[in-house]
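Student: Assemble the whole structure, with the sequences as input and the hints as a guide.
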Amino acid sequence: MGINILPFVIELLMKHCLIFILFFCSSCLFSQEVTNTVEMLPAKPQAGKFTISGFIKDSGDGEILIGAIVYKSGTQISTSTNEYGFYSLTLPKGNHIIKISYIGYRDTSFEVELTKNISQNMECKEKGRLLQEVIVTTEKEDKNIMSMEMSTSKLDIKQIQKLPALLGEIDVIKTIQMLPGVTTMGEGATGINVRGGNIDQNLILLDEAPVYNASHLFGFFSVFNPDAVKDVKLIKGGIPANYGGRVSSILDIRMKEGNNKNLEVNGGIGTIFSRLAIEAPIIKNKLSFIVAGRRSYIDVLAKPALAKENPALKDAQFYFYDLTAKVNWQINNKNTVFLSGYFGRDVFGAGFTFNWGNATATLRWNHVYNSKLFMNLTAFYTNYDYQLGFKQEGTSQKFDWQSNIINYSFKPDFSYYANSKNKIRFGVQAILFDFRPGNAAITDDQNNITNISLENKKGLESSFYLCNEQKLLPRLTVEYGLRWSFFNYIGGGTAYYYRDTLPNENKPLDHETKFKDWETIKTYNVAEPRISFNYVIDEKSSIKVSYNRMGQYIQIVSNTAASTPLDVYTPATNNVQPLIADQGALGYFRNFKNNMFETSLEVYYKYMQNQLDYVDNADLLLNKYLEGQLLQGLGRAYGAELYIKKVKGKLTGWISYTYSKTERLVRGISNDDWFFSKYDRTHMLNTTLAYDLNHRFTFAANFIYLSGTPATFPNAKVQVQGYNIPYNTTNTRNNYRITPYNRLDLSITYHFNKKANGKRQSSLVLSVYNVYNERNAFSIFFRTKEGDPVVTEAVRYSVIGSIIPALTYNFKF
Amino acid sequence: MRKTIKIFFAIIFIRSFSSCEDVIQIKLDEGTKLLVVDAFINDMRTPQRVRLTLSDSYFSGVNPPGVLGANVVLNDLTNSKSFNFTDIGNGDYNYNLNPLDTIAFVNHAYQLEVNYNGFKYTSTATEFRTTPVNDITVNYREATAFTNAGYYCVLWGVDKTGPVSDYYWIKSFKNGVFYGKGSQMNLAIDGAGGSGADGYLFIPPIASRITPRGEVFQSNDICRVEIHSLSLETYNFLDQTRSQTTNSGLFATTPENVKTNIITPNGATTKALGWFNVAAVGFMEKTIP
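Protein chains in written order, with this note's numbering: chain A, 15 to 827; chain B, 8 to 296.
By construction, these hints were calculated from the structure, which means they are not laboratory data.
For each residue, glycine too, the CB sits at the ideal point set by N, CA and C.
Incorrect hints may appear among the rest.
Claimed, not checked - Example chain A residues on the side facing chain B (calculated, C-beta under 7 Å, incomplete): (1) Asn418; (2) Trp498; (3) Gln735; (4) Asn742.
Claimed, not checked - In the EDC-like style, the derived pairs of lysine to aspartate or glutamate whose C-alpha atoms are separated by at most 16 Å in a straight line are: (5) B:Lys188 to A:Glu800; (6) A:Lys141 to A:Asp170; (7) A:Lys521 to B:Asp29; (8) B:Lys188 to A:Glu807; (9) A:Lys659 to A:Asp170; (10) B:Lys188 to A:Asp802; (11) A:Lys139 to A:Asp121; (12) A:Lys799 to B:Glu28; (13) B:Lys34 to A:Glu807; (14) A:Lys139 to A:Asp75; (15) B:Lys167 to A:Asp458; (16) A:Lys799 to B:Glu240; (17) B:Lys266 to A:Glu800; (18) A:Lys662 to A:Asp121.
Tutor: Next up, the structure:
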């Protein structure tokens with residue numbers, strides 16, 4: 015099929031990428047230090063035009079500001095800072111007043127005489143807790159109207175901190191579940207479902223390294239320590255070409271760099287766990303770090319009670335911990351290096367061991383070539399692993415199992431601010447996937463070990479992209495680009511080839527072929543065009559349209575309602591086709607009352623190919639013939655999302671409403687007809703509000719109403735060998751819905767310090783989760799009544815079946 | 008093993024969060040009636056039974072109605088012998104054996120014929136080898152946080168080695184009553200719960216599960232263990248039955264319909280479900296001291 019040249023293309027690409035990098039690197043590391051305002055190296059000036067560029071930071075702690083608007087006063091000529099706080103603005107020769115606007119910060123301006131390209135770093139001062147209502151700025155808070163971004167939500171960690179949270183612990187993922195288009199199976203389910211996508215279709219990035227299992231304690235908390243998080247952005251549609259690898263969303267979480275001016279300590283003592291984060295400069299304004307850790311302590315508190323109840327439980331383990339750290343070194347005005355990492359584990363054990371966790375490490379280098387060309391070079395490593403072991407006391411009999419998914423990646427990204435009308439981004443990425451689905455062994459009573467391990471699988475994903483954000487007309491901006499991704503499923507290992515059979519039957523094995531290390535087994539490529547338009551109607555409103563195609567080469571293998579920590583990923587193989595999604599979205603954005611209210615109405619349609627499903631009674635774990643049990647089908651999702659956000663004043667928060675439909679079509683399932691996906695929710699209403707009463711008290715509330723998820727209910731009882739087997743004679747999947755979900759949470763925060771932006775801060779948060787004690791169904795299942803083998807009954811299973819109050823003490827100094 | 012993990016997850020949830028289960032009333036549609044053939048034949052010298060029922064509405068609250076007036080024949084294809092089963096009038100069709108005789112032999116192929124409403128439903132099965140129960144050991148244990156005080160029986164038996172995997176259904180009984188809940192179903196592939204244990208002594212969760220979770224034996228109780236041989240297809244059917252009858256909680260899988268090996272003839276208006284297997288059985292009984 016002519017695809018055999020692809021490995022060479024990839025090789026070429028990689029070589030080029032390397033040459034590219036070497037070329038850039040050789041010229042620029044440790045170039046001479048520049049002072050705050052300097053003449054920039056040659057970026058060819060356009061006739062009579064010069065460029066001002068630099069970094070925008072917080073004046074208090076030196077943290078870079080992502081997405082700050084930099085503009086020429088009184089005009090529409092503007093730009094915004096990128097993920098590293100860098101901006102570049104090209105203006106005609108002459109005197110200009112440049113303003114910087116960033117929500118929650120005082121407007122900052124400076125005057126500049128442009129006779130050459132100059133570099134100008136700026137710092138902005140944060141407004142206090144209650145100052146936002148006092149100063150009503152009128153300019154440039156309409157970023158949501160002007161920017162290309164659509165189907166995108168940015169969360170302010172300070173806003174998240176005000177909201178009521180489960181067991182008093184604020185959580186990034188839990189807050190994201192309140193956004194339009196985002197659902198979850200319910201409490202205890204890990205991950206998020208975005209616009210009808212499965213949980214594995216979200217690229218969750220922590221400082222650019224993907225996190226494969228973002229939850230602690232089976233989904234009750236996420237792995238992101240809020241004390242170390244700086245910026246959270248969820249992109250559901252109109253996904254720019256610099257992102258790829260997952261089809262439904264990008265959750266881009268950026269860690270703080272660490273206060274580079276003063277020592278800062280944040281922490282909290284809560285019901286479930288405690289947190290501590292320390293950040294400080296090592297060299298003021300140049301080199302800083304942050305270290306943040308959390309550990310749960312139910313086990314420590316419960317140990318004496320457990321030991322008393324049963325000595326065997328003395329050694330029971332159940333806890334989680336995580337550590338997040340980052341070092342940031344601004345070598346000079348042109349070079350900054352970041353090293354960040356995360357390590358966390360959940361540990362359970364009582365006569366057996368079960369633990370799992372993620373580790374990530376990211377090394378980044380920002381380089382400013384000249385006032386128009388910016389590079390970020392990232393190398394990352396990520397590893398998700400779990401271990402499970404059972405042992406029979408007094409014998410040598412035991413079972414041990416370990417599984418990993420490891421990625422190594424290298425990716426340079428460039429932004430070229432060509433002129434005031436064109437901003438070009440390009441880059442390449444290579445990811446090496448190392449799947450170790452199961453290293454397992456059984457030891458018998460004679461100490462004989464049988465290895466039942468599965469072979470490791472390897473894959474290489476490489477891609478390049480080029481896109482341009484172009485101002486076509488004063489009111490019309492377009493961003494267009496292409497990402498082209500390639501995937502090589504590579505040896506060493508065995509590839510299994512199956513014969514076709516009836517749909518929903520195990521495919522019979524035809525033959526097996528051994529492949530040598532690094533030998534190509536199968537290649538795929540997906541050309542992923544991306545385009546979006548923003549037409550600004552007036553300063554208060556705009557219309558945005560986007561289309562994107564996304565390719566995904568790895569999928570989670572799981573047929574359980576909530577994903578378990580034991581689930582493994584499969585790469586695209588000779589049997590598994592890559593997942594491809596096409597999405598179109600249309601949105602109307604409008605702000606009211608001097609940008610006090612931001613509203614948007616979006617509609618989307620998404621079509622997905624090659625989604626995984628499973629034959630009946632599939633055996634997904636430690637099964638080397640797994641691929642013979644996989645099915646692939648189509649998915650379609652569409653919906654409308656209304657979002658009303660109040661960003662200023664004493665009362666802040668949002669209301670989001672989503673109407674949506676998500677369906678699947680898989681040959682062999684549900685009579686070969688479309689059926690609702692398990693996370694289809696017709697109506698979703700999320701309200702989250704915080705009210706600053708005065709300097710002392712903040713009140714907050716969440717209210718959630720979600721339509722019940724679809725479920726397959728039986729309509730017949732079949733009795734074999736005394737077992738009452740539920741049976742659905744219509745053979746349709748998800749033919750019923752469980753009851754809707756609704757919940758109210760409240761919280762009160764008491765601030766011990768009157769001065770809202772003082773250095774020392776402490777507060778006490780009383781939160782109540784599930785205030786009116788709703789027993790929301792996670793699922794409804796069917797069983798034979800205990801003690802009466804002829805009677806069958808339906809049972810509602812609720813993960814949280816009561817009110818959960820919690821008290822948390824937070825401090826900062 | 009997934010089962011064990013599920014149970015552990017359940018314990019964590021019950022203890023740390025207030026997860027709960029409530030019996031609720033819901034209205035379900037009525038499905039079409041299906042002929043259910045329950046034909047698990049074995050080589051024990053006891054009366055053999057095939058049960059025919061019609062599927063019932065899920066919440067009927069009674070045993071499904073028996074099918075009367077059908078005709079059930081078991082053919083030993085290897086020996087060219089036929090056994091006619093007698094309709095005893097409640098859905099059961101029995102073959103009353105001479106207690107010194109058996110109708111089932113290892114490696115013989117069998118065909119089941121059910122004539123119902125003028126249509127002949129058929130199925131075939133081969134009897135596979137089983138392995139004997141070498142011993143049942145009994146230990147008294149005090150109560151713990153998760154278990155009751157009482158006698159715990161453990162099975163000692165060894166899987167037969169090669170050349171292909173053996174599939175077993177280990178049935179245990181207390182005073183003649185079968186531990187017959189879905190959650191108590193004890194299946195083995197060779198000596199373990201999955202492949203890779205050829206020739207093994209039955210490993211712990213399987214060997215100890217003859218005393219099901221939450222159950223104990225008391226003095227003078229009789230513990231009986233039977234090891235039934237299964238075909239791979241029967242193993243899969245029982246495994247699917249187990250998961251569909253215990254499919255609950257956070258990690259429930261998508262419900263699916265159990266398979267059948269009963270062939271519905273062309274033109275029959277009633278579709279057949281159910282299963283046919285012929286098993287060799289190793290067994291032992293022990294009285295608790």
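Student: All hints, please: hold or fail.
Tutor: Tested hints:
Interface restraint check: A:Asn418 against chain B, minimum CB-CB distance 18 Å, threshold 7 Å, status violated. A distance limit of 7 Å between C-beta atoms decides the matter here; for A:Trp498 the minimum to chain B is near 35 Å, and the interface restraint is violated. Interface restraint check for A:Gln735: the shortest CB-CB distance to chain B comes to about 6 Å, inside 7 Å, so the restraint holds. Because the beta carbon of A:Asn742 sits about 6 Å from the nearest beta carbon in chain B, less than 7 Å, this interface hint is met.
For the given pair, B:Lys188 sits about 9 Å from A:Glu800 by alpha-carbon distance, which is consistent with the 16 Å threshold. A threshold of 16 Å between alpha carbons decides the hint, and for A:Lys141 with A:Asp170 the separation of about 14 Å falls inside it, so the pair holds. Under the criterion of a C-alpha separation no larger than 16 Å, the hint pairing A:Lys521 with B:Asp29 is inconsistent with the structure, at around 40 Å. At roughly 14 Å between alpha-carbon atoms, B:Lys188 and A:Glu807 fall within 16 Å of each other, so this suggested pair holds.
For the proposed pair A:Lys659 and A:Asp170, the alpha carbon gap of about 12 Å is at most 16 Å, so the pair holds. Between B:Lys188 and A:Asp802, the direct Cα distance comes to roughly 11 Å. Compliance with the 16 Å bound is thereby established for this hinted pair. In summary, the hint linking A:Lys139 to A:Asp121 is supported, as the alpha carbons are separated by about 8 Å, within the 16 Å threshold. In summary, the hint linking A:Lys799 to B:Glu28 is supported, as the alpha carbons are separated by about 13 Å, within the 16 Å threshold.
Taking the CA atoms of B:Lys34 and A:Glu807, the gap is about 11 Å. The hint holds against a cut of 16 Å. The hinted pair formed by A:Lys139 and A:Asp75 meets the criterion: a straight-line CA distance of about 10 Å does not exceed 16 Å. The hinted pair formed by B:Lys167 and A:Asp458 meets the criterion: a straight-line CA distance of about 15 Å does not exceed 16 Å. Of the supplied pair hints, the one linking A:Lys799 and B:Glu240 is violated, its CA atoms being roughly 28 Å apart against a limit of 16 Å.
The straight-line distance between the Cα atoms of B:Lys266 and A:Glu800 is roughly 26 Å, outside the 16 Å bound, and the hint therefore fails. Distance hint between A:Lys662 and A:Asp121 is fulfilled; the C-alpha atoms sit about 15 Å from each other, no more than 16 Å.
Going down the numbered hints, you'll see the structure goes against 1, 2, 7, 16 and 17, while the others check out.
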